[in-house]
Structure formats: structure tokens, C-alpha cells
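For the record, the sequence lines run as chains A and B. Under my numbering, the first residue of the first sequence is numbered 1, with each subsequent residue one higher. Under my numbering, the first residue of the second sequence is numbered 1, with each subsequent residue one higher.
Hints may contain errors.
[Unchecked claim] Simulated pairs of lysine to any residue, SDA-like, Cα-Cα distance not exceeding 20 Å:
id : chain 1 : residue 1 : chain 2 : residue 2
1  : A       : K425      : B       : E89
2  : A       : K454      : B       : K136
3  : A       : K454      : B       : G64
4  : A       : K470      : B       : E150
5  : A       : K470      : B       : P91
6  : A       : K425      : B       : E52
7  : A       : K425      : B       : E144
[Said to hold, decoys possible] Covered stretches of chain A, as calculated for chain B (at least 3 residues, CB under 8 Å):
id : segment
8  : 415 to 429
9  : 443 to 449
To be clear, the hints were calculated from the coordinates, so they are not data collected in a lab. The beta-carbon is built from N, C-alpha and C at its ideal position, and this holds for glycine as well.
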Amino acid sequence: MSKDNQILEEFTSKEYEHGWSVNYEADEAPVGLNEDTIRWISSKKEEPQWLLDWRLKAFRHWEKMKEPTWPNVSYPKIDYQKLRYYSAPKQKSKPKNIDEVDPELLKIYERLGISLNEQKRLQGIAVDAVLDSVSVGTTFKDTLSKLGVIFCSFSEAVKEHPELVKKYLGSVVPATDNYFAALNSAVFSDGSFCYIPKGVRCPMELSTYFRINAANTGQFERTLIIAEDKSYVSYLEGCTAPQRDENQLHAAVVEIYAAENAEVKYSTVQNWFPGDKNGKGGIYNFVTKRGICAGDHAKISWTQVETGSAVTWKYPSCILKGDHSIGEFYSVAVTNNYQQADTGTKMIHIGKNTKSRIVSKGISAGKSQNSYRGQVQIMKRAVNARNFSQCDSLLMGNNCGAHTFPYIDIHNSTAQVEHEATTSKIGEDQIFYCNQRGIDSEDAVALIVNGYAKEVLNQLPMEFAVEAQKLLALTLEGSVG
Amino acid sequence: MLSVKNLHASVEGTAILNGINLEIKPGEVHAIMGPNGSGKSTLASVLAGREEYEVTAGEVTFKGKDLLELSPEDRAREGVFLAFQYPVEIPGVSSTNFLRTAVNQVREYRGQEPLDAVKFLSLMKEKMKLVEIDQKLLSRALNEGFSGGEKKKNEIFQMAVLEPTLSILDETDSGLDIDALKVVAHGVNQLKSKDNATIVVTHYQRLLDYIVPDYVHVLFNGQIVKSGTKELALELEEKGYDWIKDEVSGTAV
């Protein structure tokens, strides 16, 4: 084995850091999926009839659908009847605010490095913590509510702000949109809800931290972000899961609605358990994320750092309906060992003078497969639409794969669409050059990879950029040797 | 400081170095000259620890340590610096960030505290002046889109920052016009001291007008066939390498 490959090997064989789990008493739905399961979840959450009907409609549609086979990934068939669709830690009484949350649950987040204690937290970020199927607490609610910003769990929003939920739920990602979105619509248990009123610039980052703890349980959360005219919000989600031998399903839906002149920045640092070195276990991350720039001059920007999950299927997209609206997608997707990722974006230009920008950086190591799949669609009415796409792939070692599937669909001759793509390898030359200056191979790879991903990492809020850099290095640790 | 004894090395089974002997003391400048394919760059690479080259016999001691036992990064941390003939591009990584990582890893190895941003920047500033390099170059991605001259200047700048005991300049003059050559040579001369030594690997005598060697060695077929003072370089310039080749084959017959 050449030195280069040895370095790569060692660098990628680092163990997953968040692989522990905790025992707590849980409220669980019976295993299996049928209309009764859905009724059980809905009644557990004391939901109104309209929501139950919405779920059942989605379920009936889902039953007629087929799991998609077009992504460039392979995994054993999922038996949806063997999964559990709801699991929630039992809390003695419903906490009114974060101080009343069971300290044992707060400890889980402390251990993940996320303090839910408002005094201890940095002032800049409010957190909604979702454990398995429910939200265990949201911080800084009071501070935010003074500005009219609503940031709470989805269940709470259904109770407190039913008119908003009813109006926007399924408006961007319809219940019948695709197989996993339909499944999510039927069984979703919790998630975050966020509403920024007209003219308000949200003073702190809003973030949701998802943690799967229970075994054999799927996580189906739903996030809904509504930004009214001239408002701004930056939102961040993070995720981890215990190390288990079985695969676990995570099928989430995120919907973003941006009105005139509104701007929403959505950043994800995804670090679900990726499976072990031999490809055993790991999360199936089948997620539908979509935003609509409904008003003129609206802007939605997706940034994702994808390092975890055994299989990823995810295309955060923008519907650019308003004239002069802007969609952005910045992505770093790292796959290692036996991970598979099929990820990218869709930019749908409907309005005039709409602009989109796609920067995708794939990094494949080990025996993994990494695909970029992106669609740029320019509709008839979209006069002077512009798109710029850049898709780069970085390969580490000789046993991984990088694939690019760009689709461009243009119905207006005034469109300007550019696509650039590169594929490169971390060379022995680069590593030796670093070594010769006194830098060991592991740090050399971290340096090279972070340099490669810089354009995307720069989009993240400062402190998360630092975290993401460390995570990149950690994910690839052991892949050099 | 450096003692090379009977060094043999091969790449992919082909012998390139066939018994090199070389003694270098602190404060000295040695030039290694020779025709293309004589093994000059191989010698530089073997000393720096490049993996593709297999040492098949001989020994190298550096400041009393067995150099061949050390990993490439440890050789660097011990004070061996190679100015590359073809410096490598690392996209997205600024020279500043790269050098700071390097400096602090070297310091850690030597049991020194890492330099904080302020101290590091003042070190950079001081060295920038010394080798006359533009600050703009250092905020750009390492060697990416640099001209040949800029790349070589940057190598000398890195050398200035890392303050090695033994610097090996591998064909640093290749691809440089006369002005760039003067700047680079000036930088190297500024860094010379009684405690460090320099090996200048070059094909042409031209560079040696500016970096004046104490000794000149001629490499041919993987062996040092002739050693002398700087006058030897002038003689080579005048007569070409054929003269050495004839002399060597003459003695062999």
C-alpha cells in the first residue's frame, strides 16, 4: 500500500463520537404502521380533527406510492411494519419552560455539548431540542416573543397558532409530494416551528438540535419556517444518533416560506451515525427540504455540511416564484467507509430576473459513493433568469466513487445558465509538501479538505463554521495513512 | 551537521544513487551540480524523506541523529528544509494559514508554546521584509495561480519563517528570470549564518554567481565524481558536462 493510501486509511477509520445512548422511560407507539398508528399519534398529541384528516389523507396516498429507486444508492428494503413511529421520553408534567425540563434529559444535550441553560448559553442562539419524537424544550422563547418572533416545537404551534400552521403546512412540500414526504406527513411527531413577523430581523440564530436515542424507531420531524415581508432569520439544525447495529430511518420535511423582501438562511450540520467501519448500522437520512421565495426580492439560502448517515437522499430546493428572488445552495458532503450520499438541489425559476447559485463540494473516502444530483429549471415566464452551478468532487484513495448528475431544463431563451465541474484527488505530493514543512499527515489532510470546502464553510455562522471544520477533520480522520 | 556515507537509493527498482559521500559543517554552502538525470533531485528528495525513493544502502546522520529513521515531518521539525523544484498548489489554503500550522507543529515538537496570532503575524512581517515578498501573495491560496517566480519566492519565504538548520534548494533557479533570481538569491544570502548550512542543487552555474558556494560537487551516474571550490563551477560552465563524463569514463577504462 502506498503511503498516501495508508494515510487515507488511518484518517478515515476514526470512530463516531456521539455513539452513546441513554435509558429512560418512554411513551411508545406500538410497532407497525396503519391508520390506527396515525390515530394513536394524533390523539397522543391532542391534535385537532383537521390535522388528523390531513395525516390520514397523506397515509392513504403513501400506501399507493412506491419507494423511489432512482437515487444512486442501494440499501436493503425497509420493512415499514417493523418500525416504531413514536417514542417520547416520559416527563412527569409538561414543562412550561426550559427550567422545568427533566434534568436527566437536559444532561443528554449537555453531553452533546449543547447547553439548554439560558444563562450558560451564548447570547446569540436560541435552541429547540428534539429527542426522538418530541421537543424537550426551547430556549429564549420569552426574549423572542417580545419581538413577535414565534419559535417553538411543532406540537406547541399546532395548539397555540393553529391558523398559521393550517395556512402553511404542506404549502411548500405537499403531503403527497414524494414517498418519504408522504410518510412524514402521515406520522410526523414533532419538529420546530418558526414565524418571523413583518419587518423583524431575528436578533439571534435559531437552531434545532435533533437527537435520536430510541432503538428501532424512526424519526419524522417537520420544520416550518415562515418569514413575513422584509424579515430576516438565520436558522441552524444539528443532528446526532447513537451507534446501533440496525439501520434507523430518519425522514424529515422542512418547509420555508419567504414573503416579499424576506431572507432566510438555513444551515445544517448533519452528523447522524454513519454506520461502523464495515458499513453496519447507520441512519437512512431521507429528507425533503424546500423553500419558496413567494414574494419579490425574497432570498433563501441553504448551507449544508453532511458528514453522517449511512445513506443520504436529500435535495434542499428553492422555488423562485417572486420576481428578482434569489436561491442559493452551498453544500459539503463527505462520505467515508461504506456511506452513500445522493444529494444536491433543485432551483426552479418561475419569476422574472430570478437568480440561483449552487456550490457543491463532494468528498469521498474509504469505499463510499458520493453523488451530486441537481436540477435547474427555467420556466417560460422567467425572463432573464440566471444560474451558476459549481460541482467539485474530491477523492481520497482508490476505492470510492464520485458521481455528478446535473439536469438543466430551460424554457426561456433569455436564461443564462453556467455549470462548472471538477474532480480532483488529494495527492501524495500535497501531503508530502505539508510533511516537509513539519505538518503531520492527518493535519495535512484536514488542511487540504478544509481549503477545498472553504467557500461553503464561509457561509456558516462563525462558531458553527469552526465546529464544521473540526467535524470534517474528524469524519475523515483515519482515511489517510 | 550532515554526514552522508555510501548512500544508495532506487526508485521502482532502478538504482539512482550509487554511493554518495558528503560532509557538511555549519556555516557552509555546498553546490551539487551535474547533468540531467545524474541524481541531483533524487538526493534532495531522499534527504527530505520522500516515500517513493528506497534507500538500499548507506547512512545519513543529521545533528547526530539517524536521519533515515525519521519521518518526513520529523526531519522538517529537526531543521531540514527542502525548497521544492515544483512547489505544490493547495487550493483554498492561504499561505498564512499553512505556515502557521507548520510553525506551531514544529514548535510543539521542540517543546515550545504555540505562537498566537499576533506574534505569528509579527514574525511574518519581519520575514516578509527580509525576502521582499508581497503581503498580497500570502493571503492567496498556497501557490495557486502563482507565477514560477512567485512560487520560488514563496519557498524562500517559508524557509525564512521556519529557520531551518539545513536548507536544500532543489533547482530553485529553474524557470526564473534574472531579476527573480537575484531576489531569491538575496533572500537565501540574508538567511545564511554560522549555524546553518545550505545545499544548492543546480544544473547551471548562473545561480552560483549570487549564492557563492564554499564547495562544489559534481554528480554523475549517482556518484560524486569531482569536488572542488567555486572555480569548479566556472570550469563546468565553460567546458560543459561532457568533460566530466569523459574524465569519469576515462578513469574507468
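Results for each hint:
no.	hint	verdict
1	K425/A x E89/B	holds (12 Å)
2	K454/A x K136/B	holds (19 Å)
3	K454/A x G64/B	violated (42 Å)
4	K470/A x E150/B	violated (31 Å)
5	K470/A x P91/B	holds (19 Å)
6	K425/A x E52/B	holds (18 Å)
7	K425/A x E144/B	holds (16 Å)
8	415 to 429	holds (count 3)
9	443 to 449	holds (count 3)
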